[in-house]
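Protein sequence lines correspond, in order, to chains A and B.
The numbering of the first sequence is the working numbering, which starts it at 1 and goes up by one.
The numbering of the second sequence is the working numbering, which starts it at 1001 and goes up by one.
Treat the hints with care, since some could be wrong.
Distance condition first, Cα-Cα at most 30 Å in a straight line; then the derived DSBU-like pairs of lysine-lysine [stated by the list, open to error]:
#, chain 1, residue 1, chain 2, residue 2
1, B, Lys1177, A, Lys425
2, A, Lys478, B, Lys1161
3, A, Lys484, B, Lys1153
4, B, Lys1177, A, Lys398
5, B, Lys1161, A, Lys457
Over the 10 Å line for every Cβ pair with chain B, so calculated as not near, a few chain A residues [as the list claims (entries may be wrong)]:
#, residue
6, Ser133
7, Lys281
8, Ser360
9, Val409
10, Pro411
11, Thr423
12, Phe483
Hint data in this document are derived by calculation from the structure and do not stem from the laboratory.
Cβ atoms here follow ideal geometry from the backbone N, Cα and C, with glycine treated the same way.
Okay, here's what each chain looks like letter by letter:
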Amino acid sequence: MSFISKHFVDLSYFLQASKTYQGTKRFCYALLEDQSYPYKKYFDYLMMLLILSSVMLLIRGVKYTLPEYAIIYNDYVISIIFMLEYSLRFWVHSSVSKAVIQQFEKDELLNKKFRFSKVISEALNEKWRYITSIFAIIDLLAIMPFFHELRILRLFILFRAFKIFRYTKSLQQFAQVLASKKFEFFTLMVFTSVMISVSAVLIYIAEANNENSAIDTVFEAFYWSFVTLSTVGYGDFVPVTDLGRSVAMVIIVSGVAVLAFTTSIVVSAFTEQLDTIKEQKVVSDVSKMSHFYLVCGYSEVSSVVSKRLHKDGYPFVILENNTERMMEAAKLKFPVIMADPSKKETYEMYGIDLHKQVISVLCLQDSDIQTIYTALTIRSIHPQIPILSYLHDGKNRKKLNLAGIDQIVYPQELIGVISKEFTGKPVAFDAIEVLRGQSSDITMEEILINTRILSTKKSIGELGIDISKLILLGIYKKGEFYFKPSENMALAEGDILVVIGLGIIIEEYSLNLHKATA
Amino acid sequence: MKKDVLVFGYNEYAKEIVSNFVMDAFHVHVYVIDELSFQAAKNDALEVELVELDDDWLNISRKFNTKEVICFCALDDDAQNVFLTISLRAEYESIEIISLATSKDSADKLRLAGANKAIAKLETTANVIVESLEKPAVVKFMNDVLYADKDLKLAEYIIQKGSVLDTAYLHEVRLDKDFNIIILAIADKDFETEFTFTTEGYKHRIDSGDVLVVMGKEKDLQAFEKAIS
């Protein structure tokens, strides 16, 4: 290995191992490119503000003299910020050191001579791909006004307006949708160009030598063709010969056809891409959610569960691979992704992080077979995540337990127990129904004892529940329930109080309990 | 306490209802409307009868004291359940009917048809699922008190004429502390339930015939029952 290669490899290892270097690069990448990074939007807003202020100064400068500080701001400050942004994007686009290490280790493994020139050329190619991308070209042109001594370069401020595309997702989507019809647009462009060229030549031949005609030059002929084909028709150039007017008739008809064709291409592009755009929106929304319940399957029961979660303001995401059901959920504005919850790829593809984002998983599919399959997929990704599932057939309870489901809801059993309970104590049952129900103001709630509460309240007596028109039913301490605890019972972190009362009073009491320590 | 339980239908829900009552030594009689269910109930060694939905149901009063029975309408089809409920109510004004419905809409129809209680399977299940996510401690507590065989119980007591509580005001009697129980609610003769922590409940005057809903440990509840009788 040559001296340079060796030092390059050493440097690559040093950079890859450096926490500061990698951390800074990761941060820059997230800020510039990662849509899920929560602070990216603030960076984007800042850049858009700079762009707008720059364009406004350009417009103002057309008729009025700008003050010195505005010129410095526009020519230097903004340009330097854009130059910095361009350089950072260039830096984070790819990793040369990583490519060097990969190639070095591969060559070592195969017992080959390290091909330094090959890896450097590949790395530079990758960087070149960035430089020649549309966005990078616009970025570079937007920096040009920095060299304002060259007057022509000042016009490049206009390219700053194009930079807006980079920071507004909807504009990017618009461009993507149009890009999906590249072939159609190309065909249309060829047709239009041919029409303009042919009609321009014909009109030139017919009108150029006629004294009464305003069309004298080839440029004027092209200008007339373009204005007529676009159906604008300013009327500053008008054909006067029979041949010229015949050409005009043909080109007017063609112009209408071109416009209709263009409109239909744009409309069909949007129609075709609508579902994709909607899905991209949901995926983007999901990636921004810090925590949510994951509902697998949109069955009858998950429809009711989703409505309750939605009403109570709890965040959730539905995974459903049946189109009709997915549409039903979408109609109710529920966040739904058309995907199979039993496939591992689903979670990778849609960026659902079971470790960080999902509070618990609800397997509410139509059959126990699907439930088990989904539960095992989820368990293979996250062995500890809480899974609750609906049991269809009592015989499968053990199988669901084996699949790692933590909590099973078997409606038949539930209804059976409730029915018996009602028979024995109908009044008590009604009272409990009121407590459970959503229609009444009265509710049963839990209050978690945390360090904030503990800083001033040390025992049950100090909680002041008696004077709050609430009833303290008991307290859970390390999973054990203490009914009607004595006033002397000490409180500890993690204890859970179970209280009943009017919902509004419980809410106020809980707030005061926390506020009292502020 | 009513000891005769009539279950209409023999699906998975009905089976669970039957098993809960059989376990507690109730007399359970099953009515089915199809041969398959008849055989299934027969195989489970149950007292079963094959009937037609448009029967006049007069044989119920011949076999049972209709004031002492409780009927569970658990047929698969909501429309059939509504028809059954309305038929039973037409025949017996005071018979107790609990009907199962698939959804809340059907449950409303069953109530209109005369069911004392209509349980919407879908909503009940969904509520349990959501509550176990939102309030796990509350759900655990409910399960412990209502369903699990724990020491803590929920009970209800009818105030008899001449009871120490007859004509007393709820906030004046300090029963909670004396018996280590919690009086949750009180229902008057019209079964209007008032919770004791609401102003109306707190100031409620107890009369004979009122029902107290009480929570406590079994021995405390027994002592309380003895004291108020």
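_Claimed clearance of chain B by Pro411 (chain A), with the beta carbon kept past 10 Å_ = Since the minimum Cβ distance to chain B is about 4 Å, Pro411 (chain A) lies within 10 Å and the statement is violated.
*Assess, step by step, whether the Cα of Lys1177 (chain B) is no farther than 30 Å from the Cα of Lys398 (chain A), and give holds or violated.*
44 Å, violated
*Is the nearest CB of chain B more than 10 Å from the CB of Lys281 (chain A)?*
26 Å, holds
_Verdict on Ser133 (chain A) as a residue remote from chain B, using beta-carbon distances over 10 Å_ = 46 Å, holds
*asked:* Please check whether the beta-carbon of Phe483 (chain A) is more than 10 Å away from every beta-carbon in chain B.
replied: 6 Å, violated
*For the pair supplied as a hint, Lys1161 (chain B) and Lys457 (chain A), confirm whether the alpha-carbon distance does not exceed 30 Å.*
Judged against 30 Å, a Cα distance of about 45 Å means the pair is violated.
*Thr423 (chain A) remote from chain B - nearest C-beta pair above 10 Å*: Violated, because the least Cβ-Cβ distance between Thr423 (chain A) and chain B comes to about 5 Å, which does not exceed 10 Å.
_Beyond 10 Å on every Cβ pair: is that true for Val409 (chain A) relative to chain B?_
6 Å, violated
*asked:* Would the hint linking Lys1177 (chain B) and Lys425 (chain A) be met if the CA-CA limit is 30 Å?
replied: 23 Å, holds
*Non-interface claim for Ser360 (chain A): all C-beta distances to chain B beyond 10 Å?*
7 Å, violated
_Check whether the Cα positions of Lys484 (chain A) and Lys1153 (chain B) lie no farther apart than 30 Å._
Given pair Lys484 (chain A), Lys1153 (chain B) holds - Cα atoms ~13 Å apart, limit 30 Å.
_Given hint Lys1161 (chain B) paired with Lys478 (chain A) - CA-CA distance at most 30 Å_ = 45 Å, violated
Checked against the numbered hints given earlier, the structure breaks hints 2, 4, 5, 8, 9, 10, 11 and 12 and satisfies all the rest.
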